[in-house]
Amino acid sequence: MGNTIVQVRKSKLVTTLVKQRYLFLMLLPAIVLVFLFSYIPLAGWIIAFVNYRPGIGFSSLQWTGLQQFTNFFAKSNDYIYLLRNTLAMNIGSLITNLVTAFIFALLINEIRVRIFGKLIQTVTFFPFFISWVIIYSFSSSLFATSAGAINETLVGWGIVEEGFNFLGDPKYAWVFMIALGAWKYLGYNSVIFISSIASISNEYYEAAEIDGANRFQRAWYITIPSMIPTLIVLLILNSGWILNSNFEQFYLFTNPTNWERMEVLDIYIYKYGLQLLNFPYATAVGIMKTFVSLILIIAVNSISKKATGRAIF
Amino acid sequence: MKERSVSGIVFDISNQLFMMLILAVMVIPFVYIVSYSLSSPNMLKGGLVLMPSGFTMDSFKWAFEHPAVLTGAFVSIARSVLGPAIMLFITSMAAYVVSRTDLLGVKFFRKYFIFTLYFSSGIIPMYLLMGYLQLKGTFLIYIIPGALSVFNMVLIKTYIEALPKELSEAAVVDGANDIKLFFSVIFPICTPVFAAVVLFDVVNQWNSFMDVQIYNTMYPELHSLQYVLYNMLNQFSTVEQLKGAGERQMGAITPQTFKMAITVITILPIACVYPFLQKYFIKGLLIGSIKG
Numbered sequence: 001m002g003n004t005i006v007q008v009r010k011s012k013l014v015t016t017l018v019k020q021r022y023l024f025l026m027l028l029p030a031i032v033l034v035f036l037f038s039y040i041p042l043a044g045w046i047i048a049f050v051n052y053r054p055g056i057g058f059s060s061l062q063w064t065g066l067q068q069f070t071n072f073f074a075k076s077n078d079y080i081y082l083l084r085n086t087l088a089m090n091i092g093s094l095i096t097n098l099v100t101a102f103i104f105a106l107l108i109n110e111i112r113v114r115i116f117g118k119l120i121q122t123v124t125f126f127p128f129f130i131s132w133v134i135i136y137s138f139s140s141s142l143f144a145t146s147a148g149a150i151n152e153t154l155v156g157w158g159i160v161e162e163g164f165n166f167l168g169d170p171k172y173a174w175v176f177m178i179a180l181g182a183w184k185y186l187g188y189n190s191v192i193f194i195s196s197i198a199s200i201s202n203e204y205y206e207a208a209e210i211d212g213a214n215r216f217q218r219a220w221y222i223t224i225p226s227m228i229p230t231l232i233v234l235l236i237l238n239s240g241w242i243l244n245s246n247f248e249q250f251y252l253f254t255n256p257t258n259w260e261r262m263e264v265l266d267i268y269i270y271k272y273g274l275q276l277l278n279f280p281y282a283t284a285v286g287i288m289k290t291f292v293s294l295i296l297i298i299a300v301n302s303i304s305k306k307a308t309g310r311a312i313f
Numbered sequence: 314m315k316e317r318s319v320s321g322i323v324f325d326i327s328n329q330l331f332m333m334l335i336l337a338v339m340v341i342p343f344v345y346i347v348s349y350s351l352s353s354p355n356m357l358k359g360g361l362v363l364m365p366s367g368f369t370m371d372s373f374k375w376a377f378e379h380p381a382v383l384t385g386a387f388v389s390i391a392r393s394v395l396g397p398a399i400m401l402f403i404t405s406m407a408a409y410v411v412s413r414t415d416l417l418g419v420k421f422f423r424k425y426f427i428f429t430l431y432f433s434s435g436i437i438p439m440y441l442l443m444g445y446l447q448l449k450g451t452f453l454i455y456i457i458p459g460a461l462s463v464f465n466m467v468l469i470k471t472y473i474e475a476l477p478k479e480l481s482e483a484a485v486v487d488g489a490n491d492i493k494l495f496f497s498v499i500f501p502i503c504t505p506v507f508a509a510v511v512l513f514d515v516v517n518q519w520n521s522f523m524d525v526q527i528y529n530t531m532y533p534e535l536h537s538l539q540y541v542l543y544n545m546l547n548q549f550s551t552v553e554q555l556k557g558a559g560e561r562q563m564g565a566i567t568p569q570t571f572k573m574a575i576t577v578i579t580i581l582p583i584a585c586v587y588p589f590l591q592k593y594f595i596k597g598l599l600i601g602s603i604k605g
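Same order as they appear, the protein sequences are chains C and R. First residue of the first sequence? That's 1 in the numbering used here, and the numbers climb one at a time after it. First residue of the second sequence? That's 314 in the numbering used here, and the numbers climb one at a time after it.
Please keep in mind that the hints were generated in silico from the structure rather than gathered at the bench. Careful: at least some of the hints might be erroneous.
To be verified - Straight-line C-alpha distance at most 20 Å; calculated PhoX-like pairs for lysine-lysine:
1) C:K271 x C:K289
2) R:K493 x R:K478
3) C:K75 x C:K306
4) C:K75 x C:K305
5) C:K118 x R:K592
6) R:K420 x C:K19
7) R:K592 x C:K19
8) R:K449 x C:K118
9) C:K12 x R:K420
Since the model is a prediction, treat every value here as computed from it, not as a measurement.
Okay, chain C solo, but in the shape it has when bound (with noise of 0.2 Å):
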């Protein structure tokens, strides 16, 4: 009787397998390419408990447990200038960013010439897509000390005596990181705010209207409550990414002679990695940065959960 039963359910089983064999053929390219490119990656972290070095026999490798992690925090003060150049540039750069998109979606609301604004929602969105490597291209020619433009005018018009040092003096770098930022993702922070305007009901500006109430009053008691929710969301749920810098910008704008407030852990992996080929300390780091992040992210997803009712997972 039992037996049948199991029968019964395998053979619906295949029966199952036989009638979605073309749904498994239409995903089995994405399986293979998840296992090949995310999952046997994670099986390289060995390389951090062994002394891996490139050429060397699988048969010569020997364990060497937690040395690497505790060479980061014990031999080396690197962590503490890494996590304050990480975490004074990212938090830096989450707020101004959610600041300047929050202000500047409030105020592109409060332009009456409807085209006007909407120019000015599609030039703010363009920087958005050009790469890192293009800012920089800007950057070298509009600030170098010497030769850059906005410097060549502020010494011309007479205001400053010399040029600032924007790309090489480290008491810019994390100003001028933020800044480049806030430029590029201008338009694209706004377009969640703006939306979240729209979709206000018109209703309560109505009923605003008619109890005498003026654009300011409107604005500061319809308007900006509603931007509340999501500005709060945004920030929780982008505040488990603190530990992640954007590789190519500060490839690109870490130089010997502002490293030391400029460099960053996703660069000191690199650095160690690919330059100094020390493998097994860089995959080390790397493991610490995944699993921070990790239990930031689920931090503040229970924090979003609670507080607003929204998560991401």
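Assemble chain R onto chain C, guided by the hints.
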């Protein structure tokens, strides 16, 4: 006609002036490089150039005769066409399959893909893997690892789930199998979401620089235009160096006008697809944010 208070008018004027300022900050870098690249160097006086002075196309002629620029343009165009096409094919099929709730083990497959959004191995294991797979030093390294995008898959799946069920039911009654059902019924009506993910992928492929830097630095024939530009920005600082690099003298140009011309060439394709990008991408972005 609505009431216009004094404070309202003052606000409107200052708001518009502020928006003009933002507009200027956004536009000036582009105007500057275009004007600079179209100017004769001996006419340039320094400072911000907002109009070409001594109009000349010499730097562009030069750039288009430079072998590295031509190779770079070819590589960039090839990857921006092939990459998104293959990505769409594989990703859209997978998205359709995991949108089917009747699929055996559908919950497992969804988790299998989503997991990778939060857990990445990092740069070193990836680098070593590319070596083992012998993808380093090949064009395929630009295409294959990105042929499935889990993020795009989620976007497409969300879109498919919102489609009316009657469409596919009718096709099933007609006796179509799943492959035919997907390509002849579902695929054609997903155009808006496909446009968004494909355009975004085109831009990503065109803009990519890091994969060349990490894997293919040693292979000049595989350098993308972005990478060629990066090399030029760092290499040539004098006219002599340009000549030394096998350039023949052609009109009056300086390394700076040359660099600016390549920068303009690199931006142009993005500017050409921008109207479509803006139209479809905002839609895609909003689909994603509603889900998120």
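Right, here's what the structure says about each hint:
1. A threshold of 20 Å between alpha carbons decides the hint, and for K271 of chain C with K289 of chain C the separation of about 15 Å falls inside it, so the pair holds.
2. Taking the CA atoms of K493 of chain R and K478 of chain R, the gap is about 16 Å. The hint holds against a cut of 20 Å.
3. A threshold of 20 Å between alpha carbons decides the hint, and for K75 of chain C with K306 of chain C the separation of about 40 Å lies outside it, so the pair is violated.
4. As the CA atoms of K75 of chain C and K305 of chain C are separated by approximately 40 Å, the hinted pair breaks the 20 Å bound.
5. For a cut-off of 20 Å, the pair hint linking K118 of chain C to K592 of chain R stands: about 12 Å separates their Cα positions.
6. For the hint linking K420 of chain R to K19 of chain C, the alpha-carbon distance of about 18 Å falls within 20 Å, and the restraint holds.
7. Taken as a hint, the K592 of chain R and K19 of chain C pair is broken in the structure, with Cα atoms around 40 Å apart against an allowance of 20 Å.
8. Our distance criterion of 20 Å between C-alpha atoms is broken by K449 of chain R and K118 of chain C, whose separation comes to about 45 Å.
9. For the hint linking K12 of chain C to K420 of chain R, the alpha-carbon distance of about 19 Å falls within 20 Å, and the restraint holds.
The structure fails to meet hints 3, 4, 7 and 8 from the earlier list, while all remaining hints are met.
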